[in-house]
Amino acid sequence: MNALNKPAIELAAAIRSGEISAVSAVEARLSEIATRDAEIAAFVQVLNEEALAAATSVDDRVATGEDPGPLAGVPIALKDNLCTRGIPTTCCSRILEGWKPPYEATVVSRLRNAGAVVVGKTNLDEFAMGSSTENSAFGTTRNPHDLSCVPGGSSGGSAAAVAAGFTPLALGSDTGGSIRQPAALCGVVGVKPTYGRVSRYGLIAFASSLDQIGPFATSVADAATLLEVIGGHDPADSTSIPEAMPSLSECLGRGVEGMRIGLVAELCDGVSSDVARRVSEASEALAGGGATVEEVSVPASRFGLSAYYLIAPAEASSNLARYDGVRYGMRTESSNAVEMNIATRTAGFGEEVKRRIMLGTFALSAGYYDAYYGKALKVRTLIIEDFNRAYEHFDALIAPTSPTTAFEIGSRTDDPLEMYLSDVCTVPSSLAGHPAMSVPFGSGDVNENNICLPVGVQVLAPAMGEETMFRVGAFLESVAVNVAESVAREALTSEALTSRDG
Amino acid sequence: MNENSDSARISEEAVAHVAHLARLRVTPEEQKMFSQQLSSVLGYGKAMEALNLDDVPPTSHPYPLNNVLRDDEISAGSSRDEVLDVAPVAQDNQFRVPPVLEQT
Amino acid sequence: MADRNIALLPEGWEAVLGLEVHAELLTETKLFSASPNRFGGDPNTHIDPVSLGLPGTLPVVNRHAVELAIRVGLSLNCDVRPSTFARKNYFYPDMPKNYQISQYEDPINADGFLELPSGKRIGIVRAHLEEDTGKSTHVGGGGRIHEAGFSLIDYNRAGVPLIEIVSAPDLRSSDEAKEYVAELRAILVTIGATDGKMEEGSLRVDANISVRRVGDELGVRCEVKNVNSLRSLGRAIDYEARRQVKLLEEGGAVTQETRHWNEDEGKTHSLRSKEGETDYRYFLEPDLVPLVPDERWIEEIRGALPTLPAERRRRLASARETASTKGEMYGEADLSAIATIVARDQDELALGAISAGADTQLVFKHILNNLAEGTGKLDISAFAELLTAEAAGNISASQAKTILADLVANGGDAAAAMEARASDTTDAGELETLLEELIAQHSDEWQRFCEGEQKLQGFFVGQIMKATKGRADGQATAKLLAQRMM
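Chains as they are written, first to last, in numbering that gives the first Met the number 0: chain A, 0 to 501; chain B, 0 to 103; chain C, 0 to 485.
Only chain A is shown next, with the shape it has when bound in the complex:
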């Protein structure tokens, strides 16, 4: 492994000790992006100058004996729905094209304070609405393991950036699975924290009661460090939980001996056989590690998708009302203000965004609220109650992250419902506000392109249960290497090495 392509923790240590300069680490990543991102399209914007300036300042601090922080000089990619002061933040929508926020998201400030270097903004489904990154106004990101496949979504750009080795870390946002599902499809670690763990201030809202920012990393340990940096109370977010972030890194090596782990039966329904096989191998591995593993039913989770596709669009229809051509973003001129609003929104939003705005507007409208939105809120209660009942008997739960491995680009774009079904395994914990993470666990069957794509196993925990979740995640990661090696990963690594050597 190239010295400059270390995992985040090792890289930060090497930079803090002066062994490697932040500038050289960042330059290496930037040149990698310049060489290979044309075909993957993980980034919508690469911040060469800003990144080098930030890296220089990290090196200066090291030189003067200051500690630049736990992520000193570590290159990181940000999903382009996180506000960066003075740097265009678009949500990959025409309606926000070129918009420069006059303020910084809380997580971005925390990253900078921890010494991390933002190297670019990554692609997403427009306003984070989608499961494949095909809904971006600025092009589709490709899965680094198989360029004909999607990287998942909506944080497909961030997942692909980490999977392709462009950055050791990235941030995404997860509303119904938008971190976990692309993490699974790209073979990286992706974490959705407890709702309220990470400040949403500066995250451009999709569905406010569900949105959470979380890390992508190549290892569970790196993800833990990143979450420690961005998590914890923020007075600028009223829904931020007023508690300090626990040390997650400390729980990683503890194993699962004596833990009670449930395999969620409902979330395994209808999952493809290769994914199901990996999940069952994961349960066996946990049992082998000394945990008690049993199947558990979370009955209301079967209704998760139905509730989610009312609640999230309803909130989105309101959150996206502000894009009206008056104060920022694009405008399509017209004869009066109402017509201008309509013309702007009609031209500025893509089809999926319009679909969800209309669905949400309908679900909230007079005469339908009780039958749709109101009912979905009650189902949300049932889901929480059923999970809590399960957590009376189990410390953590496991499930597939995605029903399938990465699918072909264009294969699910004709039928919105089919695309929505990609979120079936991730949505229940989003509705509950519980933490969940996806850990790479081997790969699936050989696909049409003769590639075995990654499979992710999902670890779920009760609210504020991140320590337990990371403990299980780290154990799964440690045994995953014993599972049949992913052809794709090897292929990718050798290809990457070849291209570097060449």
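Since the hints were derived computationally from the structure, they do not count as laboratory data.
Only pairs whose alpha carbons sit at most 35 angstroms apart, straight line, appear in this in silico DSBU-like list of lysine-lysine:
1. C/87 - B/45
2. C/87 - A/99
3. B/31 - C/87
4. A/99 - C/134
5. B/45 - B/31
6. C/224 - C/245
7. C/196 - C/119
Not the full set, but computed from the structure, chain A residues with beta-carbon under 8 angstroms of chain C:
8. 208
9. 235
10. 317
11. 320
12. 325
13. 340
14. 364
Heads up, incomplete: computed chain A residues facing chain C, CB under 8 angstroms, no partners named:
15. 236
16. 237
17. 313
The beta carbon of each residue, even a glycine, is placed where N, CA and C say it ideally should be.
Add chains B and C to chain A, keeping to what the hints say.
This is chains B and C only, laid out in the frame that chain A set:
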């Protein structure tokens, strides 16, 4: 069950009405397409009707918190220039829009 | 008086009125963000990312705004309750997020009442928190809103905290409505919740107006907006009630709608149909959590409340009742006298003087007649002392009035002021000389007076007052007349 699936339909007229509420314009083709697609999504959600939800309270906030308040102290806001610089059209230090008619 | 006649509805009809009052709360910062809450200012200078609703921003509730809202609730005898915020969704360019954060299902205050000076109680349905919008100005196109041109938007006011106070439909006339608003305003100003300036828009009134034949069910109501003063509130209500009665008497029906008051024309006119726009799609604001004020906080706020106008009126009325021994004038006039004194913030002076032993009748008389312009440097003990001297006959009423004016202008104690004025009071000798001159000038009248024409006493006293410019003591003069006649 057929009656039920009828009630989960969004007619083309409903699509037009909802589009207007949401300040979107839809072509007749889109009206038809959205009517079909949204009906199919709502149809999937019909599964929820099997549940007895009469005594179930709604959940709007997944993590219960109360009384999150801030002190009444002024802090630096935005500079007007920074904000007006990104406005689609500004004039006399204000945001300019086509004439605002009474709501239609 | 013409207005008064127009106000009357035809025999058998009555108006049913409910008012929605929006008051801007006197906080330093906005309801959900830390930019200044100040009237006016250069356009778009009191702004921040949150009040502009920029993508990614989140609201955080201002503690002081909540405290002021609780003060309002307690002052209006409401239950202060756990409450939530909701989003009211509709598009309007002066509203940065195209939804307004307001309290909908669970207002912070509910089920209270306001007591009018007449004693009538007006129900308060709710008093809830919400954010204000920005302001748009129409430019060009002849200045008419319907014509071409463009609009300019200033978001300085966006996010200013408002309390919306919704009355029950308990008001029955424009006078009562005005009385309600005046009383409400007095309460809100007294407790420091708002500055109450209707002309600056910090207090705004919308009126829900319906009419019915006395004894009938409630009629269909119209909401009348754009009422910017108490006077226009009265005019708008009278116009709208008469319009509705006329419509119904002609066999028509009232349509539930929002109407705009045009001050120049003196008419209300229909805003374009709001069909389809009234669907506000309210739902709980996911970016905010519930407010659950605990008992201790509520009691702390209650304990710090100043005495409210109704209580002050009660105290004054009760002092008046117990202390008064003569010249009762209870009823309407007395109530209105009490209300006036409290409205002028002179009730403390009245109570102080009464408890210091001053005659209640005199206290009321002087305050109402001679202190309309304010009390200046007058202090309570000086006022009481002066009135005691007047009651004892040591000084005349007119002297008392003059000395009172001195005390208002210069302060100090009453004895000194009376002393200063005494030096230029006429002595007995001067009076006698004056009287002799008068008798010589008006011998005819003097003759008739001596023959028993009593009313001429007033004539001679008046002439002496005139000659002394009011310095002469009335009683002394009368006594002198009697002596001279014998």
